[in-house]
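Chains as they are written, first to last, in our numbering: chain A, 1 to 433; chain B, 1 to 328; chain C, 1 to 271.
Among these hints, one or two may not hold up.
[Unchecked claim] Think about it this way: if two alpha-carbon atoms lie no more than 30 Å apart in a straight line, the pair counts; the simulated DSBU-like pairs of lysine-lysine are: (1) A:Lys7 - A:Lys99; (2) A:Lys407 - C:Lys70; (3) A:Lys205 - A:Lys193; (4) A:Lys144 - A:Lys107; (5) C:Lys208 - A:Lys267; (6) B:Lys276 - A:Lys359; (7) C:Lys94 - A:Lys425; (8) A:Lys193 - A:Lys144; (9) A:Lys425 - C:Lys226; (10) A:Lys346 - A:Lys107; (11) A:Lys407 - C:Lys208; (12) C:Lys51 - A:Lys425; (13) C:Lys73 - A:Lys272.
Since the hints were derived computationally from the structure, they do not count as laboratory data.
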Amino acid sequence: MTNETSKVIPIQSIPYSRSRQAGESQDVLDHIIDDFHDNPESMQYFYDLFRSVYCHGEEVKHEGMLVGTTCIQAPEELIYAFGATPMRLCNGSYHYDQKGAEFMPSKSCSLVKATLGMLNSDNVIPKIGKPDMIVNPTTCDQKKKSSSMMGDMGYKVYDLEFPNVKESEASRQYWQRSVRQFATELRQLTGRKLTKKGLQAAFNKTGRAQAAFRKLHSYRLLSPSIILGKDIFLVTNAYFFDDITRWTEKVEALNVELEARKQAGFKAVQSKAPRVLFTGSPPIFPNLKLPLLIEEAGGVVVADESCSANRMLYDMTAVDEWMVNDMVDSLADKYLKPCTCPIFTKNEDRKRRLLDLVKSFNADGVVYQAFSGCQVYEMEYRSVAEAFNQAGIPMLYVETDYSPDDKGQLSTRIEAFLESMKNRKKQKQRAAG
Amino acid sequence: MTNLEDIRTAVNNVQFNRFRFWLQIFFFALLVYGGYLGIELGKHLPTFACGYNKELRGGMCFLMPLQHWMEWPWEKLFSAAALTILYGFTIFFLWFIALNRGWCGFACPVGTIQDWITSLRRWTGIRYSRYSEGQYKGLGIIKWVLLALMFLIPLGIGGGWFTHDLKSPFCMICPGRTVVPLFGLDVSQWSIDFSSRTNMIMTSLGLLVTGLFFIGAFVKKRFFCFYCPMGALHYLFSKAALLRLNKEGAKCTRCGDCYRVCDLQIKEIADDIQNKNIMTDDCIMCLKCVAACPEPGALKATFAGIPIFEATEAGFITRMNKGRTDDK
Amino acid sequence: MNYFAGIDVGSTAIKVAVVNEAGDIAGVHVTASGSLFHKNSLEALNTLLDKLGLKREDVRYLIATGYGRKLFKEADDSISEITANAIGAFEAGKAFGGVRTIINIGGQDSKAIQIDDTGNVVNFAMNDKCAAGTGRFLDVAARNLDLDLEELGEYHFKSEVAPLNINSTCTVFAESEIIGLLANGHGKAEIIAGIHYSIASRTVRLAKRVGIEDRVYFDGGPALNKGLVAALQDELGRELVIPEHPQTTTAFGAAVLARNEFVAEQSSEKV
Chain A
1 MTNETSKVIP
11 IQSIPYSRSR
21 QAGESQDVLD
31 HIIDDFHDNP
41 ESMQYFYDLF
51 RSVYCHGEEV
61 KHEGMLVGTT
71 CIQAPEELIY
81 AFGATPMRLC
91 NGSYHYDQKG
101 AEFMPSKSCS
111 LVKATLGMLN
121 SDNVIPKIGK
131 PDMIVNPTTC
141 DQKKKSSSMM
151 GDMGYKVYDL
161 EFPNVKESEA
171 SRQYWQRSVR
181 QFATELRQLT
191 GRKLTKKGLQ
201 AAFNKTGRAQ
211 AAFRKLHSYR
221 LLSPSIILGK
231 DIFLVTNAYF
241 FDDITRWTEK
251 VEALNVELEA
261 RKQAGFKAVQ
271 SKAPRVLFTG
281 SPPIFPNLKL
291 PLLIEEAGGV
301 VVADESCSAN
311 RMLYDMTAVD
321 EWMVNDMVDS
331 LADKYLKPCT
341 CPIFTKNEDR
351 KRRLLDLVKS
361 FNADGVVYQA
371 FSGCQVYEME
381 YRSVAEAFNQ
391 AGIPMLYVET
401 DYSPDDKGQL
411 STRIEAFLES
421 MKNRKKQKQR
431 AAG
Chain B
1 MTNLEDIRTA
11 VNNVQFNRFR
21 FWLQIFFFAL
31 LVYGGYLGIE
41 LGKHLPTFAC
51 GYNKELRGGM
61 CFLMPLQHWM
71 EWPWEKLFSA
81 AALTILYGFT
91 IFFLWFIALN
101 RGWCGFACPV
111 GTIQDWITSL
121 RRWTGIRYSR
131 YSEGQYKGLG
141 IIKWVLLALM
151 FLIPLGIGGG
161 WFTHDLKSPF
171 CMICPGRTVV
181 PLFGLDVSQW
191 SIDFSSRTNM
201 IMTSLGLLVT
211 GLFFIGAFVK
221 KRFFCFYCPM
231 GALHYLFSKA
241 ALLRLNKEGA
251 KCTRCGDCYR
261 VCDLQIKEIA
271 DDIQNKNIMT
281 DDCIMCLKCV
291 AACPEPGALK
301 ATFAGIPIFE
311 ATEAGFITRM
321 NKGRTDDK
Chain C
1 MNYFAGIDVG
11 STAIKVAVVN
21 EAGDIAGVHV
31 TASGSLFHKN
41 SLEALNTLLD
51 KLGLKREDVR
61 YLIATGYGRK
71 LFKEADDSIS
81 EITANAIGAF
91 EAGKAFGGVR
101 TIINIGGQDS
111 KAIQIDDTGN
121 VVNFAMNDKC
131 AAGTGRFLDV
141 AARNLDLDLE
151 ELGEYHFKSE
161 VAPLNINSTC
171 TVFAESEIIG
181 LLANGHGKAE
191 IIAGIHYSIA
201 SRTVRLAKRV
211 GIEDRVYFDG
221 GPALNKGLVA
231 ALQDELGREL
241 VIPEHPQTTT
251 AFGAAVLARN
261 EFVAEQSSEK
271 V
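Between the sequences and the hints, there should be enough to build the whole structure, so can you do that?
And the structure:
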């Protein structure tokens with residue numbers, strides 16, 4: 001007997017741009033563009049880039065082989081020198097976070113869940129294609145353990161051995177050897193040799209990108225700010241996957257526009273807007289939740305210490321003798337010595353960097369984001385808080401993850417923090433004036 | 001005031017290596033050939049303007065007269081005649097404080113020769129060698145030992161313990177003695193003196209050190225400077241000097257770029273974030289570290305407190321760009 | 001005579017406060033939020049003004065705070081309830097020698113705020129993830145014990161034995177625990193005392209994150225519950241300052257701020 005009310009309903013395939021996953025990116029991007037006034041014109045390139053890659057799922061092209069990286073400690077200059085293209089795989093999508101949660105421990109960090117969730121899917125967005133190799137520096141615990149998981153998913157994974165102690169000469173030697181080993185591995189992968197010209201060309205690319213970033217960084221010193229943090233995060237997030245030469249040109253164009261803004265005395269925020277330094281677990285598109293909340297509430301993120309922005313592009317390499325071995329060793333040093341990631345045993349350098357940023361950028365307060373499950377950032381909170389307390393700088397600690405549920409409560413806390421910062425500043429000025 | 005800013009920017013963005021190259025040529029010409037033009041800067045120079053370069057030199061290295069004085073019989077040494085030594089030291093001191101150890105980094109002919117040998121090595125594409133941490137710590141003491149011996153052996157001669165043949169013991173082993181006169185086409189120092197056993201030993205030692213000097217300078221940058229007693233003597237007075245190497249610890253990211261380019265492998269420039277005066281006993285004040293620092297204001301060279309060469313972002317970027325494209 | 005008003009649009013209740021030019025409180029009003037925030041807020045404001053014999057034009061500045069502050073467009077400005085609570089407690093606390101730590105237990109959240117001697121918020125901690133330790137827990141308990149919310153306080157003191165330990169961290173699971181305890185023959189009084197202590201210890205843990213000064217100001221609806229107050233005082237080991245209308249401190253703070261902003265604007269205009 002047939003029951004007409006029950007039948008098999010075929011699964012409709014919907015184009016990516018109408019999927020919920022795309023919706024997540026769409027919402028955030030629309031918010032970034034429409035809910036703020038006077039976006040710089042040069043930002044249009046970046047808005048369009050994210051729309052095409054994250055909302056429409058368009059392909060991201062690359063030259064040569066594709067080497068995925070899971071951490072900024074993977075020396076991208078080496079990858080470029082071998083004619084391959086590096087792309088950062090770290091993912092910011094709640095959709096993939098939920099996918100990753102199916103096989104990852106519930107208390108893991110959202111970033112790793114999202115990255116693994118993405119790698120485990122059939123339709124990987126951004127559409128970069130399957131990496132020929134994934135370089136996984138052994139930095140934080142979660143990354144370390146995800147190495148074999150990625151291998152099981154069918155990717156070729158290379159463990160780049162990274163030291164846990166920053167200060168010792170032994171670590172330095174270890175890391176230099178590790179980088180040289182990586183170069184050997186790349187040679188086997190690409191079948192090319194590492195030449196002086198190739199390496200110099202790679203240095204040129206990243207050097208130019210870093211110089212452009214430094215200029216952009218310096219424009220944020222101005223008070224009142226001429227550009228909002230949400231745009232800067234978008235620019236640096238684009239570096240993950242965009243073509244480096246084109247990215248650099250667009251940032252240089254942005255710098256030109258910012259110079260014009262500076263000359264014209266343009267204000268992107270009210271003069272009393274609280275200036276915030278953002279530090280901690282990296283905001284990756286579309287999870288720009290916290291910076292957006294700060295700027296919606298009237299604050300402005302003037303500087304940051306996170307690996308999806310400042311730390312990725314700030315430090316520059318100095319080379320004494322432009323021969324291959326000196327260049328490779330200099331590169332190794334640049335990736336290790338100034339690194340302020342909390343994965344090290346001690347992190348005096350991070351505290352000093354934060355205090356220096358607060359001072360140079362005239363920040364009124366600090367927002368410290370830690371993803372739930374990111375043990376290193378969570379544990380380092382105490383010593384950073386003490387340092388800021390002694391220096392009399394207000395700090396707000398937010399433990400959160402990729403889920404949008406806590407936006408309402410977070411906005412209250414952030415507003416209260418900004419109000420408190422404003423009051424403090426007023427009192428200081430009244431006391432001084 | 002804008003003019004001052006422009007000058008400052010131009011100085012900070014200078015192509016440092018080229019600037020240093022030409023400044024070194026200038027001092028080399030002055031000290032090694034100055035005599036041709038009748039230039040005589042005196043016998044108290046704080047650098048290896050070698051006394052053995054008899055005809056052409058534009059001034060003399062202080063260590064030669066110093067060792068001569070130390071040889072005086074003790075009755076003379078500890079008498080009123082010692083005022084000469086005091087006078088000599090004062091002139092030496094006055095010359096010294098003008099450039100601090102910049103005398104080593106920019107003026108010393110032997111230093112300049114080593115830099116030329118380094119350029120030769122670079123041209124061949126051979127890489128330089130570095131000391132390991134253990135070697136570095138152990139060998140660093142040698143310059144102080146040599147300085148001590150430079151005083152003690154002549155004293156011993158004056159006191160009647162050592163033969164007179166041990167006069168100017170440091171000059172005998174200094175590579176300056178054999179190498180600098182070469183530039184006047186004078187090879188008279190390239191021989192072993194068989195007149196006495198001591199002379200034979202000392203001159204053989206001298207040639208051995210010269211050989212080591214060439215090999216060492218080829219594989220290491222500024223090889224001899226690590227062992228130089230003149231440098232040690234400098235360091236004793238360096239706190240009083242006008243030219244200083246200063247650091248602002250708060251601005252330092254400990255990126256180690258300065259350490260990487262330092263010829264003398266000095267780690268303290270990168271790691272010390274407490275002290276303002278960052279000069280150690282090995283530093284030759286070549287200022288390569290300042291040129292290689294990307295953090296504005298973290299490192300600077302000051303003269304009498306006024307910053308004359310500072311680390312800047314723009315300077316760093318310009319210099320690294322040129323280095324890359326120059327293919328040096 | 002100028003008046004200033006603050007309205008705290010909470011998720012369970014709407015509180016309105018009116019202060020006069022001197023900053024003294026003229027009147028307060030509390031009503032349920034319902035689901036029509038905007039309409040009910042407006043009604044609450046008008047009710048209070050009628051009670052005080054004032055017209056809307058007499059209120060020269062109106063500040064909204066609380067969960068629904070952005071929806072209430074009639075307001076001249078809005079601020080977070082943390083700042084409003086701090087101001088309100090600071091002003092009210094002056095009469096008691098000044099307070100520096102504020103504990104607020106609301107319907108759906110709880111907060112601990114530390115202020116400096118000018119009333120500025122220095123540090124704060126919020127429990128906004130979970131109903132345990134909030135007024136909601138009291139609602140659930142009252143319902144399970146078949147009592148009115150107002151009766152919980154007097155029952156607390158009726159207990160002749162030590163308060164029971166409520167082990168569940170979750171309000172929803174605690175329901176089962178309470179029913180189980182009743183079934184095992186335990187008295188309502190000690191169960192209620194246990195609930196009060198459970199909330200109190202959770203609150204103290206929250207407060208420790210911001211630092212606890214000597215005199216602590218305790219407000220929010222549940223502060224009307226004398227049993228809870230006793231439990232909190234016991235766990236805290238400090239003197240507690242309880243206002244006469246603990247639910248309205250935040251609205252009062254908003255009203256005080258409204259007055260201050262108005263005065264500041266006037267004086268800057270004069271210049």
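Going through the hints against the structure:
1. A hinted pair counts as satisfied when its Cα atoms are at most 30 Å apart, and A:Lys7 with A:Lys99 qualifies at roughly 29 Å.
2. Between the alpha carbons of A:Lys407 and C:Lys70 the distance comes to roughly 15 Å, so the proposed pair stays at or under 30 Å and holds.
3. Between A:Lys205 and A:Lys193 the CA atoms are separated by roughly 19 Å; this keeps the pair inside 30 Å, and the hint holds.
4. Distance restraint check for A:Lys144 and A:Lys107: the Cα-Cα separation of roughly 16 Å lies within the 30 Å cut-off, and the hinted pair is therefore satisfied.
5. Only pairs whose Cα atoms come within 30 Å are accepted, and C:Lys208 paired with A:Lys267 is rejected, the gap being roughly 41 Å.
6. A hinted pair counts as satisfied when its Cα atoms are at most 30 Å apart, and B:Lys276 with A:Lys359 qualifies at roughly 19 Å.
7. Distance hint between C:Lys94 and A:Lys425 is fulfilled; the C-alpha atoms sit about 24 Å from each other, no more than 30 Å.
8. Restraint check: the Cα-Cα separation between A:Lys193 and A:Lys144 comes to about 29 Å, which is no more than 30 Å; the hinted pair holds.
9. Using a Cα cut-off of 30 Å, the hinted pair A:Lys425 and C:Lys226 is violated, with the two alpha carbons roughly 39 Å apart.
10. Taking the CA atoms of A:Lys346 and A:Lys107, the gap is near 25 Å; set against the 30 Å cutoff, the hint holds.
11. At roughly 25 Å between alpha-carbon atoms, A:Lys407 and C:Lys208 fall within 30 Å of each other, so this suggested pair holds.
12. The suggested pairing of C:Lys51 with A:Lys425 is violated, with an alpha-carbon distance near 40 Å, which exceeds 30 Å.
13. For the suggested pair C:Lys73 and A:Lys272, the alpha carbons sit about 23 Å apart, so the restraint of at most 30 Å is met.
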